[in-house]
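Enquirer: Whole structure, please, built from the sequences with the hints as guidance.
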Amino acid sequence: MARGFRLGFVLILLFSVILSACSGGSDASDKNKDGKVVVNFQTFWGSETRKPVIDKIVSDFNKSQDEIEVKHTFVPWGDIWTKNTAAVAAGNPADVIVNDLHSVAHRAKNGQTEDLSQYLGEDLKNTLYPNLWDSALYQDKVHGVPFATDNRLLFYNKDAYKEAGLDPEKPPTTWQELEEHAKKLDVKKGNSYERVGYYPLWGSFGAASWMSNADDGKGFIEGDKMYFATANKIEGLEWVADWQKRLGKKNVQAFEAEFGSGQTNPFISEKVAIWTDTANFYTQIRDSKTDMNFGVAPIPAFKEGGRNWNEGGGFVMEVPKGAEHPKEAATFIEYLTSEKVQSYWAEKNFDIVANKKAADSVVNALEGDGKLVYESAINNLKDTPFHSVPVKYPDYKSIVDPIIDNAVQGKISPEQALKKAEKDVKNSAK
Amino acid sequence: MNETVINEKEKPYPPEKTTELDVTSAALPKAAVLSKRKRNKGGKTENLMGYLFISPWIVGLLFLMAGPLLFSLYVSFTDYNITSQMNFVGLDNYKRMFTEDNLFWTSLWNTLYFVIFSVPLTTAGAVFVALLLNQKIPGMKIFRTIYYLPAVLSGVAVYFLWMHLLSPSTGLVNTILDWFGINGPAWLFDPEWTKPSLILMKLWSVGGGMLLYLARLQGVSPALYEAADLDGANAFQKFFHITLPMLTPIIFFDIITSTIFSFQIFQEAYVMIQGGDLSSSGGLEGGPANSLLFYNLHMWNNAFKIFNMGYASAMAWFLFFIIMILTVFHLKFSNKWVHYDGGDKK
Chain A
596 MARGFRLGFV LILLFSVILS ACSGGSDASD KNKDGKVVVN FQTFWGSETR KPVIDKIVSD
656 FNKSQDEIEV KHTFVPWGDI WTKNTAAVAA GNPADVIVND LHSVAHRAKN GQTEDLSQYL
716 GEDLKNTLYP NLWDSALYQD KVHGVPFATD NRLLFYNKDA YKEAGLDPEK PPTTWQELEE
776 HAKKLDVKKG NSYERVGYYP LWGSFGAASW MSNADDGKGF IEGDKMYFAT ANKIEGLEWV
836 ADWQKRLGKK NVQAFEAEFG SGQTNPFISE KVAIWTDTAN FYTQIRDSKT DMNFGVAPIP
896 AFKEGGRNWN EGGGFVMEVP KGAEHPKEAA TFIEYLTSEK VQSYWAEKNF DIVANKKAAD
956 SVVNALEGDG KLVYESAINN LKDTPFHSVP VKYPDYKSIV DPIIDNAVQG KISPEQALKK
1016 AEKDVKNSAK
Chain B
734 MNETVINEKE KPYPPEKTTE LDVTSAALPK AAVLSKRKRN KGGKTENLMG YLFISPWIVG
794 LLFLMAGPLL FSLYVSFTDY NITSQMNFVG LDNYKRMFTE DNLFWTSLWN TLYFVIFSVP
854 LTTAGAVFVA LLLNQKIPGM KIFRTIYYLP AVLSGVAVYF LWMHLLSPST GLVNTILDWF
914 GINGPAWLFD PEWTKPSLIL MKLWSVGGGM LLYLARLQGV SPALYEAADL DGANAFQKFF
974 HITLPMLTPI IFFDIITSTI FSFQIFQEAY VMIQGGDLSS SGGLEGGPAN SLLFYNLHMW
1034 NNAFKIFNMG YASAMAWFLF FIIMILTVFH LKFSNKWVHY DGGDKK
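Chains as they are written, first to last, in the working numbering: chain A, 596 to 1025; chain B, 734 to 1079.
Read the hints as simulated data drawn from the structure, not as lab findings. Some hints could be false.
Examples of chain A residues lying across from chain B (beta carbon under 10 Å, computed) [what the hints assert, rightly or not]: (1) THR680; (2) VAL683; (3) ARG702; (4) LYS704; (5) GLN707; (6) LYS845; (7) ALA849; (8) PHE850; (9) GLU853; (10) ASN1001; (11) LYS1006; (12) ASN1022.
To list a few chain B residues with every Cβ distance to chain A over 12 Å, as calculated [stated by the list, open to error]: (13) MET873; (14) ALA1036; (15) PHE1066.
Dumping the calculated DSSO-like pairs for lysine-lysine here, alpha-carbon to alpha-carbon at most 30 Å [said to hold, decoys possible]: (16) B:LYS1038 <-> A:LYS736; (17) B:LYS1069 <-> A:LYS987; (18) A:LYS1021 <-> B:LYS874; (19) B:LYS1038 <-> A:LYS1015; (20) A:LYS666 <-> B:LYS1038; (21) B:LYS1038 <-> A:LYS1018; (22) B:LYS828 <-> A:LYS1021; (23) A:LYS757 <-> A:LYS820; (24) A:LYS704 <-> B:LYS828; (25) A:LYS1015 <-> A:LYS757; (26) B:LYS1038 <-> A:LYS922; (27) A:LYS753 <-> A:LYS784; (28) A:LYS1021 <-> A:LYS720; (29) B:LYS1038 <-> A:LYS820; (30) A:LYS779 <-> A:LYS757; (31) B:LYS1038 <-> A:LYS813; (32) A:LYS935 <-> A:LYS658; (33) A:LYS765 <-> A:LYS778; (34) A:LYS884 <-> A:LYS651; (35) B:LYS828 <-> A:LYS1015; (36) A:LYS922 <-> A:LYS884; (37) B:LYS1038 <-> A:LYS704; (38) B:LYS828 <-> A:LYS820; (39) A:LYS658 <-> A:LYS943; (40) B:LYS1038 <-> A:LYS1006.
Ideal placement from N, C-alpha and C gives every residue a C-beta, glycine not left out.
Expert: What follows is the structure, given as structure tokens:
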């Protein structure tokens, strides 16, 4: 019997040798037949609108090059970053990948990205928006190059404004005005609403963003300091929670459920009169062919005379740790963030791009509503902080969000919630 | 379940320790035995052939299962972050789990809640439906197909279907409740109702278990019922003394597997929460007020969002431990209530 086991063991070994021999072939794509270095580039841009644009950009680059050939691979949104982490661990990542701006430092700290400082030209920094650039640094080293960004705008229905007796050219500038306008815009029938003027947590400006807006743009954690239960944040959260009290939890949930499936947007179907969303939201309005008139405005200030603090996010081009050709990857990244490519990307996709000149040139090229929206988003950049994932508390959002949720639901007072959130976050770091 | 065809003496190597549930490993020796029957001599070649036949499975087990399994056990004692560090930290991960991580308790509670309600309800539901579908009425095949259909449909499409059904003001469920004057809850949007929503959804697809019960019911000898009739037993007595005992092996199997699967609930929450992009806090990871932050979701977040793979592995092993205890418990007590036809177990 022992012999039998030995035989079995030999067979297993044999089998695994065959397996490993098969997998050895993957390095063959290192250089192509023309002797060009192959740079593997992964994005999640596979949609009908985005894929042709990025493919064109890549093929233009390849035509202009006799040393590098970029191969673009689409990886679905739900998989791309998990796969990348696994690939970094296995030592065979792509050379360039699109990743999230907020968590650059978090990945850099965990050794998932290459430091690009030595490969990038000196001038690159000055061509991009400075606060974006800074968000992609970790310990003063460049771990990603900003590609595109977003911030939030207040879209408002001008027709509804007229109907409610409000001046359609005067969108709200403060929280108080926003609330006054919203009340006038509400259309109530019995206990339910036919139209809700506004609800601060719909769209893409969450409770944390409102609190940051109230607190001079400060997030919960800035560097080593925590700003949870500040007077302004407490007041901000109280204000947010009051909206649900006024409209009624049932009504809010019912509305959320209706548009939660993502088929119709309640602003476009005129069920909500004011809506907070990114500039890209304009393309939805445009493509819906609605004849509604709308205007855009910055996020209202907490108090009169205050700044219109916004909330920014975006994407960077990153070289995963262990990539074979970081130098060539950096060359491609510089091309991707050049004015020409960036303005092409912006025109086609309506993204706010990181290159300053490109963004400006797009404003000039656009007209009508599109111009209005894009210009407004660019003006927002000066008031837009990027609340990066703090390296010490990478998990803080999943701790804080449910507590804030409970405060909005009225189960705990805003002050208690924020104090508890701070305590829990502190406990989460060993 | 054991292969009775196999004569003990004919077995080419010591019988593997198989549990009742281990269908694959029980089936494999059979293949080896068949090859043996053709050629009665030359044991060496046969052993070789036997191992050759099962080698894909053994290689798979060793490299794709056992290897990673042991690796994750080791990792659970380190601060492994997938890409750059793996320092031994002793029991720190386990300590943190029980003493510092509130979300661990939230996720464990959410999961337990789901298991405690969904396992008995789906089992009882499946038995009930199987009993109904075991009647002799015309068109029964159509009913059986209809009830089995949800088990065939699966994945994201079903979740989206249920998101529509459970929509608070226009969904079918609340519309029907409304006919009876009941003001339905906000289901997936109300922290109190999110878990019941998922349990309801699970109940809809009891067809898979139903099929097993139905097959068993069809196999119950009519002689038993006839004998009971002669003794003057009523329908209830027949059910509790014949039908139910005959079903117990399947109930046992169903409970063990569905407990294991229920503890691993992940997809439903992952998809149904991310399906909408709205919530009071903007972030949707664990559903409204973290009411759908299930164990595996929390583990996944730790592993792939926070890169805390060491901690996630510790969580995985603790879950393994819980399931192990429960399964051993089930197995221990099974002889108290599970009835086997052969009579070798009581």
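Enquirer: Indicate, hint by hint, whether the structure satisfies it.
Expert: Against the structure, the hints come out as follows:
The interface hint given for THR680 (chain A) is met, as the beta carbon of that residue sits about 5 Å from the closest beta carbon of chain B, less than 10 Å. With 10 Å as the threshold, the beta carbon of VAL683 (chain A) comes within range of chain B, its nearest partner Cβ sitting at about 5 Å, so the hint holds. For ARG702 (chain A), the shortest C-beta to C-beta distance to chain B is roughly 8 Å, which falls under 10 Å, so the interface hint holds. Interface hint status for LYS704 (chain A): upheld, as the beta-carbon distance to the closest one in chain B is roughly 9 Å, under 10 Å.
Checking GLN707 (chain A) against chain B by beta carbon gives a least distance of about 5 Å; that is within 10 Å, so the hint holds. At its closest, the beta carbon of LYS845 (chain A) sits 7 Å from a beta carbon of chain B; the interface hint therefore holds under the 10 Å criterion. A cut of 10 Å between beta carbons decides the hint on ALA849 (chain A): the least distance to chain B is about 4 Å, and the hint holds. Below 10 Å, beta-carbon pairs count as interface contacts, and PHE850 (chain A) has one with chain B at about 8 Å; its hint therefore holds.
Given the 10 Å rule on beta carbons, the hint for GLU853 (chain A) holds: about 7 Å separates it from the nearest Cβ of chain B. Taking 10 Å as the C-beta cut-off, the interface hint given for ASN1001 (chain A) holds, the closest approach to chain B being about 5 Å. Checking LYS1006 (chain A) against chain B by beta carbon gives a least distance of about 8 Å; that is within 10 Å, so the hint holds. Taken as an interface hint, ASN1022 (chain A) checks out: its beta carbon lies about 6 Å from the nearest beta carbon of chain B, inside 10 Å.
With a minimum CB-CB distance of about 36 Å to chain A, MET873 (chain B) clears the 12 Å threshold, and the non-interface call stands. For ALA1036 (chain B), the non-interface assignment is contradicted: its Cβ lies about 9 Å from the closest Cβ of chain A, within the 12 Å cut-off. Even its closest Cβ contact with chain A, about 36 Å, leaves PHE1066 (chain B) beyond 12 Å, as expected for a residue assigned away from the interface. In summary, the hint linking LYS1038 (chain B) to LYS736 (chain A) is supported, as the alpha carbons are separated by about 22 Å, within the 30 Å threshold.
Proximity of LYS1069 (chain B) to LYS987 (chain A) is assessed by CA-CA distance (about 53 Å); at most 30 Å being required, the pair is judged violated. Restraint check: the Cα-Cα separation between LYS1021 (chain A) and LYS874 (chain B) comes to about 61 Å, which exceeds 30 Å; the hinted pair is violated. Annotation: proposed proximity of LYS1038 (chain B) to LYS1015 (chain A) holds, straight-line Cα distance about 23 Å (limit 30 Å). Restraint check: the Cα-Cα separation between LYS666 (chain A) and LYS1038 (chain B) comes to about 27 Å, which is no more than 30 Å; the hinted pair holds.
Distance hint between LYS1038 (chain B) and LYS1018 (chain A) is fulfilled; the C-alpha atoms sit about 22 Å from each other, no more than 30 Å. Between the alpha carbons of LYS828 (chain B) and LYS1021 (chain A) the distance comes to roughly 17 Å, so the proposed pair stays at or under 30 Å and holds. Simply put, LYS757 (chain A) and LYS820 (chain A) have alpha-carbon atoms about 46 Å apart, too far for the 30 Å limit, and the pair is violated. With a C-alpha separation of about 24 Å, the suggested pairing of LYS704 (chain A) with LYS828 (chain B) holds against the 30 Å cut-off.
Proximity of LYS1015 (chain A) to LYS757 (chain A) is assessed by CA-CA distance (about 44 Å); at most 30 Å being required, the pair is judged violated. With a C-alpha separation of about 28 Å, the suggested pairing of LYS1038 (chain B) with LYS922 (chain A) holds against the 30 Å cut-off. For the given pair, LYS753 (chain A) sits about 22 Å from LYS784 (chain A) by alpha-carbon distance, which is consistent with the 30 Å threshold. Taking the CA atoms of LYS1021 (chain A) and LYS720 (chain A), the gap is about 35 Å. The hint is violated against a cut of 30 Å.
For the proposed pair LYS1038 (chain B) and LYS820 (chain A), the alpha carbon gap of about 23 Å is at most 30 Å, so the pair holds. Restraint check for LYS779 (chain A) and LYS757 (chain A): the C-alpha separation of about 11 Å stays at or below 30 Å, so the hint holds. Only pairs whose Cα atoms come within 30 Å are accepted, and LYS1038 (chain B) paired with LYS813 (chain A) is accepted, the gap being roughly 24 Å. The suggested pairing of LYS935 (chain A) with LYS658 (chain A) holds, with an alpha-carbon distance near 15 Å, which does not exceed 30 Å.
As the CA atoms of LYS765 (chain A) and LYS778 (chain A) are separated by approximately 16 Å, the hinted pair is consistent with the 30 Å bound. A hinted pair counts as satisfied when its Cα atoms are at most 30 Å apart, and LYS884 (chain A) with LYS651 (chain A) qualifies at roughly 28 Å. As the CA atoms of LYS828 (chain B) and LYS1015 (chain A) are separated by approximately 22 Å, the hinted pair is consistent with the 30 Å bound. With a C-alpha separation of about 46 Å, the suggested pair LYS922 (chain A) and LYS884 (chain A) falls outside the 30 Å cut-off, and the hint is violated.
Restraint check: the Cα-Cα separation between LYS1038 (chain B) and LYS704 (chain A) comes to about 13 Å, which is no more than 30 Å; the hinted pair holds. Note on LYS828 (chain B) and LYS820 (chain A): the hinted pairing holds, with a Cα-Cα distance of about 27 Å set against a maximum of 30 Å. Straight-line distance between C-alpha atoms of LYS658 (chain A) and LYS943 (chain A) comes to about 21 Å, which keeps the hinted pair within the 30 Å bound. Simply put, LYS1038 (chain B) and LYS1006 (chain A) have alpha-carbon atoms about 29 Å apart, close enough for the 30 Å limit, and the pair holds.
This entry does not satisfy hints 14, 17, 18, 23, 25, 28, 36, going by the numbered hints stated previously.
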